[in-house]
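Q: In case you want the letters, here they are:
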Amino acid sequence: MSNHPRRFFAWLLALTLLVPLLAACGGAGEPAAPAATTEAPAAAATEAPAAEATEEPAAEATEATEEPAAEATEPAAEEPAAGDKTIILGYNQFPDTLFTLASQSSMTSQVVQFFQPGCVTLLDYEFQPVCFDELPSLDNGGLVSETVTINPADISDENPVLINGEVITSGAELGTEPLELPQLTARWTLKDGIAWQDGTPMTAEDFAFTYQLQTSPDVPVATTFTADRTVAIEAVDEKTIQWQGIPGFVDPTYVTNFVIDNSSYNVLPKHVFESVAPGDMVNQDFATLPVAYGPFQIAEYLPQESITFERNPEYWRASEGLPKVDSVIIKFLSDEDQVLAQLESGDIDIGGTIGLTLNSADTLDEWQEAGTHDVQYVPATVWEHIDMAIERGDGQPSFFDDVRVRQAMAYGINRQQIVDEVLGGRTVVMNAFQPEDYWAFPADGELNEYAYDPEQATALLAEAGWTPGADGILEKEGRRFSIQFFTTEGNRTREQVAQIIQAQLQEIGIEMELNFVPATEVLFKNGEDGILQGRRYDMAMYAWIAGVEPSANLYLCSQVPTAENNWAGQNPPAYCNEEYDAVTNQVYNLLEREDRTPLLIESMKIFNRDIPTLPLYQRVQIAAFRTGVTGVEINPSTYVDFSFPEELDITLE
Amino acid sequence: MTTFLIRRLGQMFTVLFVSSIVIYGILLAVPGGPLDQLLQVSDPRQRPSQADIERHKRLLGLDKPVYLQYVTWVAGDDWMGAVPFWAQYEGDRKGLIRGDWGESWKVQRGKDVLAVIGQNLPDTLLLMGISTVLSLAIAVPLGIYSAVRQYSVLDYAVTAFSFFGISMPVFWLGLMMISVSLAFREQGWFYLPPGDITAPRDYKLPGLGTVDAKSTFDRILHLIMPVTVLTLLNLAQWSRFMRASMLEVLRQDFIRTARAKGVRERVVVLKHALRNALIPLITIISLTLPGLFAGAILTETVFNYKALGFTYITALGQKDWPLVMAFLVIQAMLIVIANLLADLLYATVDPRIRLV
Chain P
1 MSNHPRRFFA WLLALTLLVP LLAACGGAGE PAAPAATTEA PAAAATEAPA AEATEEPAAE
61 ATEATEEPAA EATEPAAEEP AAGDKTIILG YNQFPDTLFT LASQSSMTSQ VVQFFQPGCV
121 TLLDYEFQPV CFDELPSLDN GGLVSETVTI NPADISDENP VLINGEVITS GAELGTEPLE
181 LPQLTARWTL KDGIAWQDGT PMTAEDFAFT YQLQTSPDVP VATTFTADRT VAIEAVDEKT
241 IQWQGIPGFV DPTYVTNFVI DNSSYNVLPK HVFESVAPGD MVNQDFATLP VAYGPFQIAE
301 YLPQESITFE RNPEYWRASE GLPKVDSVII KFLSDEDQVL AQLESGDIDI GGTIGLTLNS
361 ADTLDEWQEA GTHDVQYVPA TVWEHIDMAI ERGDGQPSFF DDVRVRQAMA YGINRQQIVD
421 EVLGGRTVVM NAFQPEDYWA FPADGELNEY AYDPEQATAL LAEAGWTPGA DGILEKEGRR
481 FSIQFFTTEG NRTREQVAQI IQAQLQEIGI EMELNFVPAT EVLFKNGEDG ILQGRRYDMA
541 MYAWIAGVEP SANLYLCSQV PTAENNWAGQ NPPAYCNEEY DAVTNQVYNL LEREDRTPLL
601 IESMKIFNRD IPTLPLYQRV QIAAFRTGVT GVEINPSTYV DFSFPEELDI TLE
Chain G
1 MTTFLIRRLG QMFTVLFVSS IVIYGILLAV PGGPLDQLLQ VSDPRQRPSQ ADIERHKRLL
61 GLDKPVYLQY VTWVAGDDWM GAVPFWAQYE GDRKGLIRGD WGESWKVQRG KDVLAVIGQN
121 LPDTLLLMGI STVLSLAIAV PLGIYSAVRQ YSVLDYAVTA FSFFGISMPV FWLGLMMISV
181 SLAFREQGWF YLPPGDITAP RDYKLPGLGT VDAKSTFDRI LHLIMPVTVL TLLNLAQWSR
241 FMRASMLEVL RQDFIRTARA KGVRERVVVL KHALRNALIP LITIISLTLP GLFAGAILTE
301 TVFNYKALGF TYITALGQKD WPLVMAFLVI QAMLIVIANL LADLLYATVD PRIRLV
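Chains as they are written, first to last, in this note's numbering: chain P, 1 to 653; chain G, 1 to 356.
I should point out that these hints are in silico values taken from the structure, not numbers from a laboratory. Even glycine gets a Cβ: it sits at the ideal position worked out from N, Cα and C. A few of these clues could be false.
[Said to hold, decoys possible] According to the in silico footprint, chain G covers these stretches of chain P (three or more CB under 8 Å from chain G):
#1 211-222
#2 299-305
#3 332-341
#4 415-421
#5 629-640
Construct the entire structure; sequences and hints are all you get.
A: This is how it looks when you write it as structure tokens:
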């Protein structure tokens with residue numbers, strides 16, 4: 001027995017040391033994660049010439065509509081140079097899934113754009129067709145608005161209608177009089193030559209199928225807003241897609257309804273997915289390695305690490321020599337420091353907008369001066385603002401129920417100084433809920449710019465009854481002007497801005513206590529005890545995302561969070577003005593830009609006068625890329641950095 | 001021995017059961033949840049309605065009462081149809097006792113959490129294994145040497161180095177290495193890639209020529225910096241450990257006796273002293289076992305080495321509870337196993353310790 005324990009000990013010790021080592025070496029053998037590589041499903045290279053012939057007319061039409069991105073690059077005429085041109089992008093997030101209907105990550109759209117590009121682009125706050133020759137409108141007959149007569153007794157779950165923004169599924173409370181409601185029908189015609197990477201042509205059936213998936217109860221789509229307001233998306237013929245809304249749904253963004261509630265605007269292949277139960281889709285191989293129809297197809301996907309794309313021979317513009325590079329690799333990096341370090345070392349060629357912030361601006365500017373990199377700073381759709389609680393939800397008296405006090409805040413806070421000092425002057429001050437380059441914006445001089453004017457602020461406050469007390473802080477009827485300011489914790493920019501505002505308001509006699517709180521758990525918490533939703537604040541700074549559609553609806557009376565609407569609603573200042581509601585509601589009931597523009601301008605003017613919230617500035621999107629890279633043009637209103645990934649190119653020294 | 005093992009196994013299961021409840025309870029107490037992010041949307045078209053939220057909860061299994069959520073996690077819900085009052089909660093989950101650990105909510109939506117962990121495991125074991133073995137291989141001789149030659153120049157040097165290593169924040173050391181490496185690059189000297197597990201594209205290094213992407217050599221180049229950081233950290237602590245333990249043994253009577261008998265110094269140190277000083281070392285080695293699996297959160301983040309440490313911290317941040325829970329349960333298992341292993345080893349190294 002005396003020998004036995006020793007051997008046992010030696011064996012165990014060796015095991016403890018060796019097992020991890022062996023396991024580790026085993027890992028070394030097969031590089032990285034065992035994620036399968038795509039087998040390009042029988043890419044029929046011989047079919048390509050046939051497709052080319054029919055593509056000519058379609059290609060011309062695309063070029064005409066794609067001007068914004070094409071500017072930056074040379075015309076894509078010649079064949080790409082032989083060799084292996086690879087371009088590497090770096091972001092500091094990774095997609096949660098490539099199955100777009102289930103994704104909740106903004107990285108998914110960025111990545112999917114390379115192999116299943118959105119069928120529309122959103123450049124310059126407009127929609128442009130990608131998979132279609134043109135977008136439907138009343139003028140070209142693609143959109144039809146009919147008035148239908150509905151008998152309230154016929155309204156049911158299967159036949160809902162939309163009245164005053166509410167989906168109604170029962171006519172019980174609507175009386176017996178027939179209702180006259182507008183009903184929209186829109187049609188899109190698919191461009192010739194679009195095919196999936198396995199050679200199967202894309203048809204209208206794919207769109208109808210994507211709609212069926214979208215409305216399946218087992219697919220975890222984020223919302224069913226448009227689905228609830230849609231009768232169906234159907235294939236009229238092989239190339240024609242038709243969407244029909246429920247009676248009463250006048251949708252100003254009808255042009256995107258070829259797919260609904262899908263922020264990537266991409267389509268899924270029926271022939272690949274149809275045999276699978278919708279509930280099983282998310283975790284299937286073909287959902288993690290989807291079939292392409294865009295310029296690239298997936299060669300390798302290492303979740304959380306990187307995705308490698310190679311040229312898709314079936315791409316409908318392949319005959320034009322597109323895409324310009326042979327492969328694109330998107331790397332998902334751990335943090336901004338890595339994005340910077342890898343840009344510097346040349347491990348990545350482009351640092352995308354999800355990853356670079358103004359914290360890196362000084363370094364990036366140095367590189368730009370040295371000529372190694374180019375940098376783009378684009379004031380984009382995310383806008384910071386300060387909500388002022390006009391009526392608090394917890395019954396406390398408000399400081400901002402008087403419009404003069406809110407205007408005084410606008411005069412007393414030097415927003416230009418904030419932009420200059422905190423944001424390096426790289427963005428612009430806003431005076432309405434939309435940026436100045438939006439499709440509707442008041443003419444110069446029509447908006448009050450509220451240039452910094454502390455005397456004007458003091459005068460307005462005095463008019464409203466606020467006069468300096470013994471310690472210099474304003475008082476009114478024995479109440480001190482001492483307010484609670486909230487914003488999210490851990491955001492350096494916001495903390496700096498808050499401190500500047502605190503100092504500036506101190507100068508006009510307002511005492512402000514800063515509260516930096518957790519975002520989702522406190523500031524944006526739902527329900528009565530949330531800071532914003534429960535209206536338990538005096539001032540709160542956070543951001544909204546503007547889009548192609550205006551944000552005017554944020555300030556409607558119906559959006560005020562109250563006990564009646566279960567503290568939902570997006571109007572935490574509790575601004576409620578009949579004049580504003582009357583104008584703004586019309587904006588959302590009209591289809592054509594020319595009708596909507598004057599009304600929207602009117603609602604911006606009312607907003608600017610009443611200042612329910614003080615707009616600060618547009619956040620900046622930053623992209624940096626090494627000299628020699630072309631085709632990068634960050635656009636303020638797009639949801640992806642590269643609306644035209646096929647235009648990306650690189651020339652190395 | 002057998003009774004000991006049986007009793008210990010029983011204890012292990014109890015510990016694991018209790019820790020699974022604690023893990024579940026703690027995550028339940030975290031404010032917010034996986035649907036928070038969905039609600040931060042201003043566009044009414046993309047903001048989920050109450051009905052949407054109910055649908056998401058049902059798909060995630062969060063519509064059940066809390067105690068049933070725990071039961072589902074552990075034992076599944078495919079049998080619930082047979083139980084009165086629970087029939088409505090029947091689903092297709094099998095529960096972790098039958099190998100179904102659930103699907104990731106966020107990090108890799110819809111993917112089996114064990115698959116997510118498995119996919120990152122080889123890289124984790126490689127990084128942690130190499131740095132652990134390296135640390136031990138250097139720390140043990142270094143500790144022995146500085147104990148035997150106490151107050152020598154080398155002992156002082158090792159001590160000073162240890163304090164440096166212990167007090168150095170990992171992320172700072174990592175960032176410094178990266179910037180020094182990039183400064184070398186600027187000079188046109190040899191440098192190391194600042195991050196990643198392997199490079200996706202061939203690259204040139206001064207003095208080495210072109211390095212093939214994803215080759216073994218590429219992998220080694222990418223491992224140098226993170227392994228160095230981790231090794232320095234462990235090395236500093238473990239050599240102190242070894243030194244203290246050796247010093248204590250070397251002062252004991254039987255060592256003096258051995259020396260007095262005329263046993264060679266080498267044998268005294270390596271046979272008589274070392275074996276008796278091994279107990280703390282065993283503790284260290286056993287407790288590295290869960291560490292091998294856990295990865296190194298900061299080092300992985302600084303060097304963009306996406307292994308389990310990074311996955312875990314991301315899952316925590318995104319409130320991907322199934323992934324976090326799987327991670328913690330596996331971690332708890334490994335700790336329990338490592339402890340048992342340590343006890344067995346103690347008994348073999350030191351005959352005075354009996355397993356009863």
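Q: Are at least 3 residues of the region 211-222 of chain P within less than 8 Å of chain G when you compare beta carbons?
A: Since three or more residues must qualify, the claim that chain G covers the region 211-222 of chain P holds, with 4 doing so at under 8 Å.
Q: At a Cβ distance under 8 Å, does chain G reach at least three residues of the region 299-305 of chain P?
A: holds (count 3)
Q: Taking a Cβ-Cβ distance under 8 Å as contact, does the region 332-341 of chain P have three or more residues in contact with chain G?
A: holds (count 7)
Q: Using C-beta distances, would you say chain G covers the region 629-640 of chain P, given that this needs three or more residues below 8 Å?
A: violated (count 0)
Q: Can you tell me if the region 415-421 of chain P counts as covered by chain G, using C-beta to C-beta distances under 8 Å and a minimum of three residues?
A: With 0 residues closer than 8 Å to chain G, the region 415-421 of chain P misses the three-residue bar; violated.
In summary, the structure is inconsistent with hints 4 and 5 from the numbered list given earlier, while agreeing with the others.
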